[in-house]
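Quick mapping for you: the protein sequence lines, in order, are chains H and S.
Residue 184 in the working numbering is what sits at position 184 of the first sequence, and the numbering runs on without skipping anything.
Residue 248 in the working numbering is what sits at position 248 of the second sequence, and the numbering runs on without skipping anything.
To be clear, the hints were calculated from the coordinates, so they are not data collected in a lab.
Misleading hints may appear alongside valid ones.
Identical chains share a label here; the pair holds if one copy fits it or two copies do between them.
[As the list claims (entries may be wrong)] The calculated EDC-like cross-link candidates involving lysine to aspartate or glutamate, where the alpha carbons are at most 20 Å apart (straight line), are: (1) 216 with 189; (2) 119 with 83; (3) 120 with 31; (4) 119 with 31.
Protein chains: 2
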Amino acid sequence: MRDIFRASVSLGIGLFFAISCARSDQYTIKEIGSFHVGGRQVTLSGLPEKEIIFTKGGPPTIVNPNGEFQVEQMYVQYIIPTDQKGKYPFLMWHGGGLTGVTWESKPDGNPGWMQYFLKKGHAVYVSDALERGRASWARYPEIFATEPFFRTKKEAWEMFRIGPQDSYNSEPAKRTVFPGARFPISAFDQFCKQFVPRWATNDEPTQAAYNSLIQKIGSCVIMVHSQGGNFGFHAALSAPEKVKAVIAIEPSGAPKPGPELEKLKNVPILIVWGDNLEKQDFWKRVLPNVKAFADDVRTRGGKVEWIDLPKIGINGNTHMMMMDTNSDQIAQVVQEWIARNDLMK
Amino acid sequence: MRDIFRASVSLGIGLFFAISCARSDQYTIKEIGSFHVGGRQVTLSGLPEKEIIFTKGGPPTIVNPNGEFQVEQMYVQYIIPTDQKGKYPFLMWHGGGLTGVTWESKPDGNPGWMQYFLKKGHAVYVSDALERGRASWARYPEIFATEPFFRTKKEAWEMFRIGPQDSYNSEPAKRTVFPGARFPISAFDQFCKQFVPRWATNDEPTQAAYNSLIQKIGSCVIMVHSQGGNFGFHAALSAPEKVKAVIAIEPSGAPKPGPELEKLKNVPILIVWGDNLEKQDFWKRVLPNVKAFADDVRTRGGKVEWIDLPKIGINGNTHMMMMDTNSDQIAQVVQEWIARNDLMK
């Protein structure tokens, strides 16, 4: 009896420390780091010199724009937990006009999905795709073919289905949201600080950099959002033996049906949609394309799970569901799919 | 006897878990997160619509560039260790044409100063200043006054004092370095992937965003590099009661001497310089300005420590000393100064 008591005490002390290691409000991290991958060197020549004034009132400095540059690389930051429970590195790819910040703290300051999946024991790799954020961008029209464009707050409000068409107003108090919309409305202007310019002509080098990333990392799970969807599906096609799953959050595009999709038959795919899709023209046009892709992959023996959140009782989610107030609830749906698909240790 | 044995076992189990918590090759992190701070809303109007082709061969989409935008914010990522040993948040501000990546993993893949100071128990706040990286940038000439410019690899090679003037060559094998230069030469092209475009006309809003950051964080220590130097010293002038120290790594500028510098008399300042400064015209012009600043602050009762690394026996360091092969050795010099200045708990 006393022995059992003593054994219990021993175990208790051990557990105390084990639990303080794993307290839910902290992470034990093996490694934090970052790198750039992909890209190429270009040489510019024959461009005229420019006078640039670096300091107000100071003398102009002659700047010669000609020379050699590294361009078209992408940026990746990784955080690897000590107790890695996911079988594979977990790559998080943002959408158009956005960066890896999508997955970090939410605009209302609460923890986002990077933190969520890290706490679940995934080694997270959050990237900034070519042309934006820490990936940098290159001179146009000499290297990037066209000029960039900038998303207005109104476009984001509508395109991301926070409120209906023409419900955006300069004054926050006068903006109308979809009934029950889950976006943290008071943080909308803060969210707009995350926007970055985008180009319409960089798909090929962007895909090439993503494919390089897969080659560098090896076996992995990819979570993609919006414009990242198409890149993610094509990355899986480029290395179906390495991409162990694709989790697509409202992908804005997908590969066309056809024999090539046979390659995806062993890559489990999850596609998740929020609410109010049928109320927004852009998404009404996108849905049939992604549906055709999903159906075709299924026909070829692939496994595609398609979740309309409202159909499982989760209502009001926007295109930016990783920032919505119930984002953890959706992350849990994703995490359960990951576990069901044998992607946890 | 048996009791003592059992107690030892209990303690042993406890210690095992305690030690596995604090292994030196891992971090125990309380919180990882990010935010944007500063900036303003602007409205563009009267600009012509543009046709943009989003998908090769697809129909053009009309894009209206007019509307409301968030601009001139900056980005900050923070990592807070559980066992915080630094008294204050440790802000890390990069130089010109660069981002917070400066402080992360080095281009040769080894851990950088973000990881170093995190392991020393500092809560690190690594930012991307206005106009670059995850801070984003704004349309020009409508919002940013001028066009940006791009650093060539040759300029970086010379300006960052990896090799002498005109020693850069397109072919890596033909590049000449300063004797004993500590930059990881084979990672130079990889380093160039970190470069971002820069503007000569954004100093005021950049300073404003940095000052907002100080107001948001409160008491803090700032580590600045190169172009970040001038911003750091001015941030200290804007809130000398909050900025508990400025650690300037090769600052490329400093406030002019004058009565205003009286405000810095209670802000300890460390200024660190690498090697071969006298062999590069730009740095020869910079040094007297920073020297005049340091002398003036001292005259007014301030405490400025000026370290020429070669004078303390550390030779061959470049402008990018946080990436040099002996970067930990220099970080240690900085960490010791931090400890001497009563900035550790």
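So, going through the hints one by one against the coordinates:
1. When the C-alpha separation of residue 216 and residue 189 is checked against a cutoff of 20 Å, the pair qualifies only between copies, where the shortest distance is 17 Å, while the shortest distance within a copy is 37 Å.
2. Proximity of residue 119 and residue 83 under a CA criterion of 20 Å is satisfied in both settings, with 10 Å inside one chain copy and 18 Å between copies.
3. In this homomeric assembly, residue 120 and residue 31 come within 20 Å of each other (Cα to Cα) both inside a single copy, at 16 Å, and across copies, at 15 Å.
4. Taking the closest pair of Cα atoms, residue 119 and residue 31 come within 20 Å of each other both inside a single copy (14 Å) and across two copies (11 Å).
Hint compliance for this structure: every hint is met.
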